[in-house]
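Under full-length UniProt numbering, the residues of the sequence shown are numbered 1 to 277, in order.
Keep in mind that the hints are not guaranteed to be accurate.
Cross-link-like lysine to aspartate or glutamate pairs, in silico, EDC-like; alpha carbons within 20 angstroms at most [as the list claims (entries may be wrong)]:
1) K159 x E139
2) K110 x D75
3) K171 x D205
Computed spacing ranges between beta-carbons, pair by pair [what the hints assert, rightly or not]:
4) K142 x H121: 14 to 24 angstroms
5) S209 x T105: 18 to 28 angstroms
6) D175 x S209: 37 to 47 angstroms
7) K142 x N108: 29 to 39 angstroms
In short, the hints are calculated from the structure, not lab data. Think of the CB as a built atom: it goes at the ideal place given N, C-alpha and C, for glycine as much as any other residue.
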Amino acid sequence: MGNTQDQPAVTTTNTPTVEPSPAVTTPSTQGHRHHRSRRQTRPRFVQIGNIALSVIKGNIIHQTTDVLVNSAVTDLDLSKGRASKALLEAAGDSIQSECTDQYPTGINSKTVAITGPGNLHCKAIFHNIDVVVRNCLAEANKQRLTSMSFPALGTGFLKYPPRTVIASMFKTVEDFAKTNPNSTVKIVNCIVFSGDNDTFKEFLDEAKSKATSKGKLIQQDVTFQSMLAKIECITRCSPKLNELESIGRSVFNNICCFVHIFLRLYAENMDKWLKNK
């Protein structure tokens with residue numbers, strides 16, 4: 001939506017979530033910080049058609065999705081704008097050179113300029129002016145990419161209402177999922193600057209509202225530590241049962257095991273199941 005969008009900052013993940021999620025580390029972020037982030041988070045997402053839409057508090061430059069979306073100015077001078085400048089500093093000068101060489105006249109509001117990842121852990125960076133979410137989704141699908149991370153476009157300098165921004169993103173993703181049921185894009189992350197708690201809360205509230213009103217499934221990770229083999233553990237349940245995040249947490253205190261559990265039950269069915277326990 002704008003070219004001076006506030007830059008998301010600090011811890012993040014590539015795991016679908018509507019709360020802060022486990023950090024996806026690069027070699028420079030391994031160790032203590034990764035361990036601390038894993039302890040503090042509970043991943044969840046809202047399923048919209050075939051796409052898992054997540055709201056994540058963090059820094060978009062740390063994402064490892066296939067695509068990172070950058071809010072750029074028309075002449076593609078990446079040193080302009082807080083978000084764009086941060087991406088340039090992290091990715092390196094090669095992405096500015098690509099923009100200059102491949103788009104010498106700049107871009108318009110409907111154009112998505114595409115560069116390589118530079119030093120970042122993604123496959124491509126999509127540079128755009130406005131909230132061209134649909135165009136970015138279409139381009140990612142065209143290139144057969146599966147995951148994308150968007151900044152909270154327009155909520156920084158332009159001061160667009162956060163609830164309006166995330167509602168618009170939900171609607172765009174929902175429309176895209178309906179018209180492209182076989183799309184390769186399966187994961188869309190919306191990254192909110194970690195210091196912007198008000199925006200994150202509004203994004204999170206809208207995501208929870210969307211999940212509850214449509215009865216969509218929520219994914220949450222339950223992790224255990226151990227000396228044994230690692231299996232990933234995900235519980236999927238109705239939004240009404242989100243409070244059961246601690247299921248099994250006291251079990252296997254010293255066992256490192258993540259077990260995949262998929263409970264495709266809506267609230268009424270789960271309630272009956274719980275009463276019989």
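Structure-based check of each hint:
1. K159 x E139: 27 angstroms, violated
2. K110 x D75: 14 angstroms, holds
3. K171 x D205: 15 angstroms, holds
4. K142 x H121: 14 to 24 angstroms: 22 angstroms, holds
5. S209 x T105: 18 to 28 angstroms: 42 angstroms, violated
6. D175 x S209: 37 to 47 angstroms: Roughly 18 angstroms apart at Cβ, these two residues miss the hinted range, so it is violated.
7. K142 x N108: 29 to 39 angstroms: 19 angstroms, violated
Against the hints set out earlier in the document, violations occur for numbers 1, 5, 6, 7.
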